[in-house]
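Enquirer: Each chain, letter by letter, is given below.
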Amino acid sequence: MANPPPSKPRRVRGGIKAQSKRGAFAERWWAKRWIAVLEGFGLGARLARGRSYARQGQVTQISIEPDGVRAEVQGSRRAPYSVTIQVKPLSVSQWRLITDAIMRTPRFAAMLLNGQMPEDIEDAFREAQCELFPQSITDVRTDCSCPDWSNPCKHVAAVYYLIGEEFDRDPFLLFALRGRTRRDILATLTLDDEPSPEIAPTRAHPAPTVPAPRPPVEHPQVNAWLLRQAGRFPFWHGSISLEDALSVVYARAAEHALTLLAETWPDD
Amino acid sequence: MLTILHAALADQGLLLWAPDTGVPTLRTLLGERFSDLTPGGWHQTGTVVAGSAIQALILEAPNVPPFLSACARREMIGSGIVIGEDIAYWCEALRLAAEIVAAQRFLPGVAYDKAQKIYRALWEPVLGERERTLAATLTATMPDLCRAMSAGKGRSPIDAGTTLERFLAIAVDALVRSAATTPVRANDRMPLHDRWLMALRDPNSELRATPAELRGLAAQVESWRRAVLEEHATEYRLCLRVEEPQTEDAPWHIVYLLQSRSDPSLLTDVKTAWAKTGMRRTLLAALGRAAQLSPQIETSLRQQTSATWGFNLDTSGAYSFLSETAWLLQQSGIGLILPAWWLGKNTKARLTTRARIKRSAVAAGLRIDSLLDVNWKIAIGDASLTARELEQLAALKVPLVRIRGQWVHVDRDELRAALERLKNGQRKLSVADAVRMQLDPRIWVEARGDVGVLLERLQGRRSFEELAPPGGLLGELRPYQLRGYSWLRFLTKTGFGACLADDMGLGKTIQALSLILRDWCEDAAQPVLLVCPTSVIGNWVREAQRFTPGLPIVVHHGVNRVRDAAFQREVKRHALVVTSYALLHRDAELFKLSRWRGVVLDEAQNIKNPESKQARVVRALDAGYRIALTGTPVENHVGDLWSLMEFLNPGILGSHATFKREFLIPIQAMRDPDAAERLRCMSGPFILRRLKSDPSIIADLPAKNEMKIFCTLTREQASLYAAVLREYEESLTESDGMRRRGTILAMLSKLKQVCNHPAQFARDRSPLSGRSGKLARLEEMLEEVLDVDERALIFTQFAEMGAILAQRLSERFAREVLFLHGAVPKVRRDEMVDRFQKDRGPALFVLSLKAGGSGLNLTSANHVFHFDRWWNPAVENQATDRAFRIGQTKNVQVHKFVCAGTLEERIDALIESKRAVAENIIGSGEAWLTELSNAKLRELVALSAEAVEE
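These protein sequence lines map, in sequence, to chains D and Y. One point on numbering: in my numbering, the residue at position 247 of the first sequence is 247, and numbering is uninterrupted. One point on numbering: in my numbering, the residue at position 204 of the second sequence is 204, and numbering is uninterrupted.
Be careful, since some hints might not be right.
Claimed, not checked - Just some of the chain D residues that point at chain Y, by a computed CB distance under 8 Å:
#, residue
1, Ile85
2, Ala109
3, Ala262
No lab work stands behind these hints: they were computed from the structure. Even for Gly, the Cβ is constructed at its ideal location relative to N, Cα and C.
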């Protein structure tokens, strides 16, 4: 059957824009694997359209729900299309085998805890007689409310690419799509027998007994370094990047604060 | 009427209230002072504090930083509003918040506001080690009132830790937000993330969207920030130790360790750590995070199946690890143990420039501009390097090299500069250059002969010649004054400028006069110019008459002062020309034309602003030597130091811009200890400061050090004085017996009041400043007292004068001033005395001379000022002794104010001369004065021309 003529989608302000401008989507090997599944579908031109939709920011919303991914994509019609993507979940016993394998290799946990997917983690999955990544069409169920009868369509493809990019940042997302959240996994590793450190950034230590002289204020060597350290924002759809928008605020805030300090507490 | 202001934390900001003060009054008082805060910055609310309902003002978040900043380090704001200790606490907390913002330790976020039921975009602080330690101290010291608002009905107040957290959150958000420019108003059609960005920069932080969108955003923000915020609250952290090899080609080891936070010297290797379950997660998470910052760490994780010990690097890898990766790791909370030589602590391993100065050929003694021959050597540790070796080092690809058994980090810029000096360096230096280099800790100067001796003396490593007191000096120099005088001579003889910064009362005047006398005796060629505040001119003249009567002095002051050519002739005939700062600037051209033996600045803080006219004129004078006298602790006021040093030794601290860059900002804003140390090295040799409390001085000072301070009258006072004399002239001749006595006492009392202040005399509420010489001098001296955190009693025999002083001083110094007079009830009196004696009590206490009885213990004062005199030594001494008593641990300085050229001076002289039999004859009152004849009285009360300041 012939492909329908390419339609022009409505412009979106902002939208979730893919980070990669040219060449391959996603940098890390596991994100690439994910995308390989899609590209194995043999969609032809729709794939290209999907890529450009992802780059243009036609996808306006993505949310990860317990039962899969839901997204909204702006097409040529007024109302955006609804897209869902579901990956076949793994069984309870399979997960048990997998977490055992992770436990045996401390390096795995170290990397996962910090947003990295170990290359040989697939071996752990294979031992559990399953694959980490969806291998074929049957492992992935997709749906879209657009009139195009092809499934996956270009809208699904766009969302698929963006999810791939998010894997770059958070490999646990893949596990979540297969049935176990990050919290679940960490909870079953022996590492979590101790209470997990609370993410409470302002919780102070108990008071020191001997007052020490006031240590000097550090001068940041790189502007907005903390912002950079936090890295890429998941599914960012603002019209300019987070860093571009806020770098100036960081610089000016630090300058004003230094002036305030020098004027209010001089000579101390 | 004084009122104390309090502040407690509330949801939107701070709640302000004052006991016994209604909100409208408070709003008016504060509104006056803080008129530039945003309107609507104050609104009223009813609330409950410690169980009772009160009215309070809400200070909203955006206004909290400017308000607290204005309150910081002060005791009072506006008229009669005392700052409560809780507000002072919030000021300290604001300081921490500002430091957090200055270090850019904040991240954008989103949070649900339960009270208003909306979501807000906000900036949240992210504390590191340093901030946590400071916060811990703050938490432990929070006054209870700070948390008073957080209790609802029947609920207990929220703990201090959480309260501080909330304050920091409010303050950091307010600070960051105030720096952002407000963008275009968001509308609901914009993407959610854009709206979030705008809400972060808008004064209104509300973020509007569907509940699902907002929850989603909150989850995304949490996921995004997790990596950064996961600073473990655990006892241990990951630490990397860099171990250097013993030979050039061997590998460097980077070893993983677990380090205890409370005792950084406690280290465990990873293998042992792995066996203990409690530390595994910390270790793994930290290693994982470190792996993202360093590819070598990531690789190391791949190569082992079990917990890994670390990794190896070659020298090039080690260099990039040390110079780049190390900082990143440190920033993310990972400990680092680096070699001492890398951190620059071990000077043996640093590249040093040495200047070897040859014995000088100058015969007639070294001066600041004498030229010296110099040889340059570059060395590392003890070993010097040849030019060729240096070139080899400069050609290295990696600036880490092993030299003579030591690893050295070779700074390429330093190397290039060193090579340059070696090849083309100056062969000749002036003594001033040599001194400047010597004081710079980065250059090593070797000098022999008299140059060496000079440099050692400047650095205090060798003593300079101690002189005998100059001939013609009346009165004794105490041992420390002899040393000060010798020091002044040593520096000025070589052509360096000197700053004598002794504590008040140690006798800077006599030390300076000794030097001037000596120079004049040696060679009566050119005069010395002395510049001082107008109120002190009389004092200098009196002191010179007393100690160095042989010195011809002229005062350049007043409408009839000499000008033009006559000026040149006049000054040449004198040893010392005294003038004021005001006139220095007005007659600048005159002063610039003369050649001065030396220029002495008294109260040198008057030129602390380098751009001021007087500072400029003073630098332009043609002076053989330069001396500055001041009672303030000069080295503590970094900002003022440049102007002073630039006058004394031009160029020694570089240009003003360089000074700001190298010293002012690093020291004041960033508290850099290295910069502070360098500044101390470079200015130290030219400043001599002794404190009353110095052990070497205490023995030389009498426990009770009494001094007369000679003041002048203003023109207004002088004409009032003359008017009183005229008024009583007739009555004096005409009356006799009892009436005569009464008349005399009335006249004396009026004259005293005139000498005090025209406003006291006239009993009107006229403005105070600029109308009394004594008041001006008192304010100047109290400023010095307060600057060193000392305390003073101020006595006056007049209750009205006491009231005037208390109010005036309270306004002038923006702090509480206690005032005790006859009508004060005992309970209140005891309370005042208690407060004054406490550590952080008010520093100034005005008392009427006969107030209270004996039994007042005011020993925490170390200064006593007698603003006016009761001419009965016994009564006066009793007042003084309230401060000086057994139990007094400090020296007490007693300052007696005397208006020169008036009855005060003459009656004082009379008492002094009769001192031996004074107690017997005089009795307990001032009635003895009425026994004198009219002729004698007229002599005593006459007004001489020199009494007037202008």
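Enquirer: Hints first: check each against the structure and report whether it holds.
Expert: These are the hints, each one checked on the structure:
1. Ile85: Violated - the Cβ of Ile85/D stays beyond 8 Å from chain Y, reaching only about 17 Å at its closest.
2. Ala109: holds (5 Å)
3. Ala262: holds (5 Å)
When the structure is compared with the earlier hints, a violation turns up for hint 1 alone.
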